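A.B. asks: Chains as they are written, first to last, in the numbering used here: chain H, 1 to 114; chain A, 115 to 226.
Simulated from the structure, these hints should not be mistaken for laboratory data.
One or more of the hints may lead you astray.
Said to hold, decoys possible - Taking lysine-lysine pairs in the DSS-like style, the calculated list, with each CA pair at most 25 Å apart, reads:
(1) Lys181(A) to Lys218(A)
(2) Lys19(H) to Lys154(A)
(3) Lys155(A) to Lys19(H)
(4) Lys151(A) to Lys102(H)
(5) Lys102(H) to Lys181(A)
(6) Lys155(A) to Lys41(H)
(7) Lys151(A) to Lys41(H)
These figures come from a predicted structure and were not determined experimentally.
Read off the chains here:
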Amino acid sequence: ETGVTQTPRHLVMGMTNKKSLKCEQHLGHNAMYWYKQSAKKPLELMFVYNFKEQTENNSVPSRFSPECPNSSHLFLHLHTLQPEDSALYLCASSQVGTGDEKLFFGSGTQLSVL
Amino acid sequence: EDKVVQSPLSLVVHEGDTVTLNCSYEVTNFRSLLWYKQEKKAPTFLFMLTSSGIEKKSGRLSSILDKKELFSILNITATQTGDSAVYLCAVEAVGGSEKLVFGKGTKLTVNP
Numbered sequence: 001e002t003g004v005t006q007t008p009r010h011l012v013m014g015m016t017n018k019k020s021l022k023c024e025q026h027l028g029h030n031a032m033y034w035y036k037q038s039a040k041k042p043l044e045l046m047f048v049y050n051f052k053e054q055t056e057n058n059s060v061p062s063r064f065s066p067e068c069p070n071s072s073h074l075f076l077h078l079h080t081l082q083p084e085d086s087a088l089y090l091c092a093s094s095q096v097g098t099g100d101e102k103l104f105f106g107s108g109t110q111l112s113v114l
Numbered sequence: 115e116d117k118v119v120q121s122p123l124s125l126v127v128h129e130g131d132t133v134t135l136n137c138s139y140e141v142t143n144f145r146s147l148l149w150y151k152q153e154k155k156a157p158t159f160l161f162m163l164t165s166s167g168i169e170k171k172s173g174r175l176s177s178i179l180d181k182k183e184l185f186s187i188l189n190i191t192a193t194q195t196g197d198s199a200v201y202l203c204a205v206e207a208v209g210g211s212e213k214l215v216f217g218k219g220t221k222l223t224v225n226p
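With the rest of the complex left out, here is chain H (with noise of 0.2 Å):
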């Protein structure tokens, strides 16, 4: 166990859907991070939230939206996606201003979209 609670492990949606993906860390971090893994590509950064303040967003398509109510939880909603985005979707969290600030991942949400 890495610390870090991605729920669900498994969503089929179809592209008209609504659905959310839900994270909690359990290491008492200030940062959180939703990663993006499609096959054969490397793992993308998505969004960053440090002590609850979005601190990037790598150019991700409006479709995909995030929440980060506390520094312990976040979300990311989801509508209206396409087949393209169906992917592996990581969550990880680390602690910022340490000098040590390796990510501690999730098992992630394995997302189809139909």
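Given the coordinates of chain H, assemble chain A onto it according to the supplied hints.
C.D. replies: Frame of chain H, contents of chain A only:
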């Protein structure tokens, strides 16, 4: 543009073999290089390297960084089937994890 290139992209070996995984990088304001192991879904941390020439070791795994030639290697000796995974290399630029750039990974398969 910052870039991390891993090689080979995939590798199949037999138990007991020694493997070397490569990671080269081009990044502005390098801070550290990290190795992760991704077995099923969650990448788990292996090593963080910040200084050239200092080997980091954990059991049968070891890694070293060359900041002059801009690369790192990950060695696994006496491989076991449990070493089968995707090994990810990432480079951190000044600014912390917000600037972590990942390679595509090396998929290692260890056959009995």
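A.B. asks: Each hint should be assessed against the structure and marked as holding or not.
C.D. replies: Right, here's what the structure says about each hint:
At most 25 Å may separate the alpha-carbon atoms for a hinted pair to count; Lys181(A) and Lys218(A) meet this at roughly 20 Å. This hinted pair checks out: Lys19(H) and Lys154(A) have alpha carbons roughly 24 Å apart, not beyond 25 Å. Between Lys155(A) and Lys19(H) the CA atoms are separated by roughly 21 Å; this keeps the pair inside 25 Å, and the hint holds. For the hint pairing Lys151(A) with Lys102(H), the CA-to-CA distance comes to about 13 Å; that is within 25 Å, so the pair holds.
Using a Cα cut-off of 25 Å, the hinted pair Lys102(H) and Lys181(A) holds, with the two alpha carbons roughly 19 Å apart. Proximity of Lys155(A) to Lys41(H) is assessed by CA-CA distance (about 15 Å); at most 25 Å being required, the pair is judged to hold. At roughly 16 Å between alpha-carbon atoms, Lys151(A) and Lys41(H) fall within 25 Å of each other, so this suggested pair holds.
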